[in-house]
Structures are given as C-alpha cells and as structure tokens.
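Need the complex rebuilt from these two chains, each delivered in its own frame; the hints are there to steer you.
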Amino acid sequence: MTRVHIDPVTLATPLFILTIILEIVFARLGKAKASYETKDTAVSLAMGLGSTVAGVLTGGVIVAATLWVWQHRLFDIPMTAAWAWVAIFLLEDMTYYWFHRISHERRFWWVSHVNHHSSQHYNLSTALRQTWTGAFNGSWLLWLPLAWLGFPPAMIALQKGVSLVYQYWIHTEAVGRMPRWFEAVFNTPSHHRVHHARNPVYLDRNYAGILIVWDRMFGTFQPELDEEPCRYGLVKNLATFNIVRVAFHEWIAMAGDALRHPRHALGYVFGPPGWSHDGSRETSAMLKARATSPAAAGATGPQPAAPQESPA
Amino acid sequence: MNAGFFVQLGASAAAVGALVALAAWAKIARPVSPLDEHKAREMLAEEFPGRRIDAVWVASDGAGALARSGGLALVLCRVGDGFAARQIPWAQAIAASFRDGRLRLNLADVAAPTAVIALPAWPPKDLAA
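Chains as they are written, first to last, in the working numbering: chain A, 1 to 312; chain B, 1001 to 1129.
Hints listed in this document are in silico derivations from the structure and should not be mistaken for laboratory results.
Predicted model only: the values in this text are computed from it and were never measured.
Some clues are possibly wrong.
[Unchecked claim] Derived pair list, reagent style SDA-like, types lysine to any residue, alpha-carbon separation capped at 25 Å:
1. Lys33/A with Arg1030/B
2. Lys1039/B with Pro200/A
3. Lys33/A with Val1116/B
4. Lys160/A with Gly50/A
5. Lys1039/B with Ala81/A
6. Lys39/A with Val1116/B
7. Lys1039/B with Ile1094/B
8. Lys39/A with Met1043/B
9. Lys39/A with Ala1018/B
10. Lys39/A with Gly1004/B
11. Lys160/A with Lys39/A
[Unchecked claim] Some chain A residues close to chain B (C-beta under 7 Å, calculated; not the full set):
12. Pro14
13. Thr19
14. Ala27
15. Arg28
16. Tyr36
17. Glu37
18. Thr38
19. Lys39
20. Asp40
21. Ala42
22. Ala239
23. His249
24. Met254
A virtual CB, placed ideally from N, CA and C, is assigned to each residue, including glycine.
So that you can see chain B by itself, here it is in the shape it has in the complex (with noise of 0.2 Å):
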C-alpha cells in the first residue's frame, strides 16, 4: 500500500462523512408512524404469516410490539425508519428484564441482540403461564 492509496482512503473517508451529513440534512427518511394495534396486526401478520396471535401489546411509544403466539413470543421493534421481527419462546419474553416501563428482550441473534419495548407493566397477568 503506498501513499496514494491512504490519500485516496482519506478522501473517501471525507466524502462519505458529507454523504452521510447531507443526508441527515435532507430529512428523507420514509414517513413512520407510531404503531397501534391494527397496525401491529397487519405487520405480524406480514412478518410471521399463518401465525395465530393471541395477544398483542403495543409499546407506548408505537416504536415496537409484543405478541403471544402459543408458545411464542413475535417481537417487532423499530429500526431506523423501519422494523424488525424476530420471535423467541414465550417462557423468554415472560422472564425478561422490566425496568422503568421498558421491556428488555434479549433476541439471542447476532443481526437482533435486543429489542427495548416501552410498556406500562410486564409480565401481563393473565398471560404470564
């Protein structure tokens, strides 16, 4: 590697820096608006077809969602101007961390390693089994 590389790398280093600058300018991110129930549904539905959903918890701040799936838990959370899904058994998602209204789900994936949901308690009551 010579010196006319490291120029060049330092350049692009440079350029990608004003891309990434110009970009946050622009404000161009795709419009998301906070989820709600139908919302949730309509997205697990896409996400885990043919999934019966027994219940649905949407956080407070429309930025995730939890819902039971036998013995399953399906997980949405925000990433960016988009989402992810991932799902983790029931029994997990039960006896994750709850602290300050905000559910701690660790996904135990290496491209999802948790997602943060706000809710107003954790486990629910009548599901928690």
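With the rest of the complex left out, here is chain A (with noise of 0.2 Å):
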C-alpha cells in the first residue's frame, strides 16, 4: 500500500486559529459580522479538542476495517491516476452527503451529529465544535465501499480530510454569497447558514459537503432568504453549558425514550429526530408543515407531556 502522511485537519490546524483570531479581532472593529459568546466559544473549541482525542481512540478501528475492505477490492485504482481523484472527488463527496443526511433524519446519527448543530452562535468556532461520539454509530461504513471499489484508504482519508477543511470556511456570518456561479456550485457560508438555523423553512436542508449540486439533485436545497433571518442553534436550545451534558445529552434522551417504551424502541431510535409513539413531539417535517400550513397542522400543536427533541 501506498504510505501518505498528509492529514489535511493537522495542516490546517494554525490556519483554523489564526481565522479566528481574525474573525474575532475584525468583529471586536467593526470590520466583520461575527459574535462570540465566551462560554459558548469555549464550548465549540472544547468539543473539537475531545473530538480529535476520540478520533485517535477509535481510529484504529476504522482504519483496520477500510484496510481489511481494501484487501478485498474490485479493482486497483491508482493514487498517481488524475482520473482517480475526479472520481474520489466526487464519490466522498457524494458518500458525505448522504452520511450527514441520515446524521439529521434518523436519531440514532442525529444523536451524534446533534453536538455540531448545539450553538446559538454561527463563527468559525462552531465549524470545530464535533462530536465525540461519532465512530460509535457505524457511519463511518459508508465510506467503506469507496474501498471496496479500490480506492487506496489513504486516498479516501486524504478527501475526506480536504472535505473537513473546506467545510471550515464556510461556518461564518462574515462572508456574505459568493458569485453566482461559485454559489451554484459548490457549498458556501450562505447555504451552510441554511443548514445550521432553526427557522422550520431552513430545518433538514443543504446536506452538502462541499458541491451544493448534490442537495439540488436530490431535493434538498434551500436558498438563503433575505426576508427569513437564519435563527441558529436548535430546535429545542441547549440551557447548559455542561460540555458533557452537551456532548451526550441526545445519547441520553435516546436511551431514555427506548427504555421507557420498549415497544416503540425501534421508532425513538431509528425514526427521525423528534419522534414519538403518540405524537406527542414533534419532527422537522411536522414543524415544516406547520410553519407552512398552520391549520393543516392543527392550530395548537401537540401537546407534549415530556420536553420534546431536538431536531435542526
């Protein structure tokens, strides 16, 4: 096997803080559109240093079941070929955009993927704000058939690291759209302002890692509105700043639900976020629909006898 080194993240790593600093130091003069809230900026960037510690503690894992996969593959595609890395290009990003759609219609991804969407804030910090807990829901099997086809794991480690880092960028309020053509294309602040906000017309939209055509094939795009200000964070805000309320509460709500209601288990883990056995909480397509159509959706909403989920 081809040996790289080149993890994109730890490249990027100064580059990611001296953002920062510049993003803070340019909102602090008035040149930037950014807030940083102490608590919640020690928050993100705690999140990301104990994802990178969980990302050495299960890497292994992974990286011995992408070899193993590997080992077995169909083809030998080369590392040297340009053709190759078009098609890795496209394939990770295609693989992505689906891992973090289900990472937001089904709870049992979500309760992972919860922790990056948990800020009321929107600055470079929240790109860095990961979960700790992400190889422990399998999704990292997705990638395994890009393997399997013969993609060299080093070659799919390094896209996947490229994705990572251009997805960075794009967390900020500061930038406001890009060229036409650029915002056609590919993910940009604006779209990726979609994702993250809580108003019901912007909840499950914009999937994209880094081409925007894949949530326009598969029917998930939304545009920035100007007359819709994004409202970021949750569904249902967090109210602690407790970094291991933050990063396990959806585990906890989930294990919760399932053991309360053995019989619905199935439901409260795999439906999607907000589920409940007696519709008594609410998912995103139920807060779509009534944002959209209040009478359809019944006037008074549900009555929920328990705090509900939070799905964004």
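Dropping the structure here:
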C-alpha cells in the first residue's frame, strides 16, 4: 500500500487558529459580522479538541476495517491517476451528502451530529464543535464501499480531510454571498447558514459537503432568504454549557425514551429526531408543515407530556 | 499514541485557552436586552407557535419568563447571550421550589436541567389551581 502522511486537518490547524483570531478581531473592530459568546466559544473549541482525542482512540478500528475491505477490492485504482482523484472527489462528496443527510434524518445518527448544531452562534469556532461519539454510530461504514471499489485507504482519508477543511471556512456570517456561479456549484457560507438555522423553512436542508449540486439533485436545497434571517441552534436549544451534557445529552435522551417505551424502542432509535409513539412531539417535517400551513397541522400543535426532542 | 500526539494536544489546548480569552476580551457577544412582557410574548409565540398564552410572568432581572398555557408551563431562560425554551406540566411549575425570590424549575431534560427565574412571589394565587 502506498503510504501517505498528509492529514489536511492537522495541516490546516494553524489556519483555523489564525482565522478565528481574525474573525474575532475584525468583529471587534466592526469590520466583520460575527458574534462570539465566551462560554459558547469555550464549549465549541473544547468539543473540537475532544473530538480529536476521540478520533485517535477510535481511529484504529476504522483504519483496520477500511484496510480489510480494501484487501478485498474489486479494482486496483492508482493514486497517481488524475481520473482517480476526480472520481474520489465526486464519490466521497456524495458519500458525505448521504452521511450528513442520515445524520439529520435518523435519530441514531443525530445523537452524535446534534453536537455540531447545538451552538446558537454561527462563527468559525462553530465549525470545530464536533462530536465525540461519531465512531460509535458506525456512519464511517458508508465510506467502506470506496475502499471495496479499490480506492486506497490513504486516498479516501486524504479526500475526507480535504472535505472537512473545505467545510471549515463556510461557518461564518462574515461572508455574505459568493459569485453566482460559485453559489450554484459549491457549498458556501450562505448555503451552510441555512443548514445551521432553526427556522422551520430551513430545517433539514443543504446537507452538502463541498458541492451543493447534491442538494439540488436530491431535492434538499434551500437558498438563504433575505426576508427570513437565520436563527441558529436547535429547535429546542440547550440550556447549559456543561460540556458533558452537551456531548451526551441526546444519547441519554434516546436511551431514556427507548427504555421507557420498549415496545416503541425502534421508533425512538431509528425514527426521525422528534418522533414519538403518541405524536406528542414534533419532527422537522411536522414543524415545516405547520409553519407553511398552520391549519393543516393543528392550530395548537401537540401537547407533549415530556420535553421535546431537538431536531435542527 | 506517541509523545508527538501529547505535544500536539497540549499545544491545541493552549490555543483553545488563548482563543477563549480573546473572545472574552473582544466582548462581541450578541447584545441581549432584558425581557419585558411584550418581548417575552413575542419569543413565546416563536418558540411555541399556535399556543394560547393565559398569563406571563417575566423575571425581575429580565433573564427569563414563565407562561401558563392550559395545563402547561412554558419556560424561557437565558443561556449566554441567547435563550432556551422548554415546557413542563403546570402542576410541576406550581410545585417548584421558591426561595429568596428565585423560582427553581426542574425542566426534566438532560439538555436543560433547570431554569431559575427571579420573581417577587410564587405561586400566583389566582392561577395556582
């Protein structure tokens, strides 16, 4: 196997630090649109640091599984071929789209991904607010078919890193809209602000990693609307900065629901966030339906007996 | 994990500390004005669309509010420079501990364990039932 020692995320870390400093300083000077709340920033950055540690602890299993699958590959895809890089770029980005979509639309994956959405702020530190438990959901399995096809694991890892680094810069309010051609093809700050917004019209939209074309193709694209300013965070925002609660709250809530209602456990684990067996909670689809047609969804909404889930 | 990892981790932790200190120094959180009844009702309508509001009690420091909506208590509490909203049974709000002008509501939610709302008195005599 060709050995590659390039980790785009590690290489980009100084850039992450520098750009956060610039965003804060420019906002302070009134030259850029950004807001930073101290505790929120601390939680975002500590989640990022924790996710790095979690990645080191769990990465071995993922690497071993990827290598094993690659050893049973269908084709030999050379890392030196330009077409192979074009192919991995497109296939990895589409894989990311589906990973991201399932991470929002099914609670078993949402329990981890919710961490990334739990800030009420949208700035560069939010980009680093990453889950500690992503490896436990098995979402990394989605990338194994690339190894089975024959893409070398190092190539897959490199492209995943490139995607993560690309997605960093779009977590900002400091950039308005990019040129039209760019907005049409690529994920941008504007598109991703929509993704992080809790306004019903924006829920479960714009899952793209690098190319926004996947959202356009699969019907999940929503442009940012001037008349609907983004409100960030979860449908039911966190009322704590306790990092342990931030990291594990949805896991605990899901386990609690499954244990309280064992006959409906599958629904609580694999249903959409906000699903409930008695209709006492609201999913993103229900919230969107109610926002667009209040009469159709019931004027008073459900009357939950317990706190609602938090789709975003 | 080799020594390099720990060096990198230590450096990253130091950078996190420095960035948090910079954010604190910059004082660029969103400006949050204390809630008044109008603003609280506006926020309640946004957080609980379609719900009828029977009565609202706004915290004396403007950092929260409590509303009755039929058999439910709708709670707003300040978190940093934002707010979080939850609902609990009205009976639970009535039975909440009230000491030194502070109502401590157990929100029974791991993501929102408690809300503390400063009020002159609790429970309200006319709506306690």
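Taking the hints in turn, this is what the structure says about them:
The suggested pairing of Lys33/A with Arg1030/B holds, with an alpha-carbon distance near 11 Å, which does not exceed 25 Å. For the given pair, Lys1039/B sits about 21 Å from Pro200/A by alpha-carbon distance, which is consistent with the 25 Å threshold. Straight-line distance between C-alpha atoms of Lys33/A and Val1116/B comes to about 32 Å, which puts the hinted pair past the 25 Å bound. The straight-line distance between the Cα atoms of Lys160/A and Gly50/A is roughly 19 Å, inside the 25 Å bound, and the hint therefore holds.
Taking the CA atoms of Lys1039/B and Ala81/A, the gap is about 60 Å. The hint is violated against a cut of 25 Å. For the given pair, Lys39/A sits about 18 Å from Val1116/B by alpha-carbon distance, which is consistent with the 25 Å threshold. Under the criterion of a C-alpha separation no larger than 25 Å, the hint pairing Lys1039/B with Ile1094/B is consistent with the structure, at around 23 Å. A distance of roughly 23 Å separates the Cα atoms of Lys39/A and Met1043/B; the hinted pair therefore holds under the 25 Å criterion.
A distance of roughly 13 Å separates the Cα atoms of Lys39/A and Ala1018/B; the hinted pair therefore holds under the 25 Å criterion. For the proposed pair Lys39/A and Gly1004/B, the alpha carbon gap of about 29 Å is over 25 Å, so the pair is violated. Proposed proximity of Lys160/A and Lys39/A is contradicted: the alpha carbons are some 30 Å apart, above 25 Å. About 9 Å separates the beta-carbon of Pro14/A from the nearest beta-carbon of chain B, more than 7 Å, and the hint is not met.
With a least beta-carbon distance of about 11 Å to chain B, the hint placing Thr19/A at the interface is violated under the 7 Å criterion. At its closest, the beta carbon of Ala27/A sits 5 Å from a beta carbon of chain B; the interface hint therefore holds under the 7 Å criterion. The beta carbon of Arg28/A is positioned within 7 Å of a beta carbon in chain B (closest approach about 4 Å), and the interface hint is therefore held. At a threshold of 7 Å, the smallest CB-CB gap from Tyr36/A to chain B is about 4 Å, leaving the interface hint in force.
For Glu37/A, the interface hint holds, the least distance from its beta-carbon to any beta-carbon of chain B being 4 Å, beneath 7 Å. A distance limit of 7 Å between C-beta atoms decides the matter here; for Thr38/A the minimum to chain B is near 4 Å, and the interface restraint holds. Hint status for Lys39/A relative to chain B: holds, with the closest Cβ pair at about 5 Å, below 7 Å. Taken as an interface hint, Asp40/A checks out: its beta carbon lies about 5 Å from the nearest beta carbon of chain B, inside 7 Å.
Given the 7 Å rule on beta carbons, the hint for Ala42/A holds: about 5 Å separates it from the nearest Cβ of chain B. Taken as an interface hint, Ala239/A checks out: its beta carbon lies about 3 Å from the nearest beta carbon of chain B, inside 7 Å. With 7 Å as the threshold, the beta carbon of His249/A comes within range of chain B, its nearest partner Cβ sitting at about 4 Å, so the hint holds. A least Cβ separation of about 10 Å between Met254/A and chain B goes past the 7 Å threshold, and the interface hint is therefore violated.
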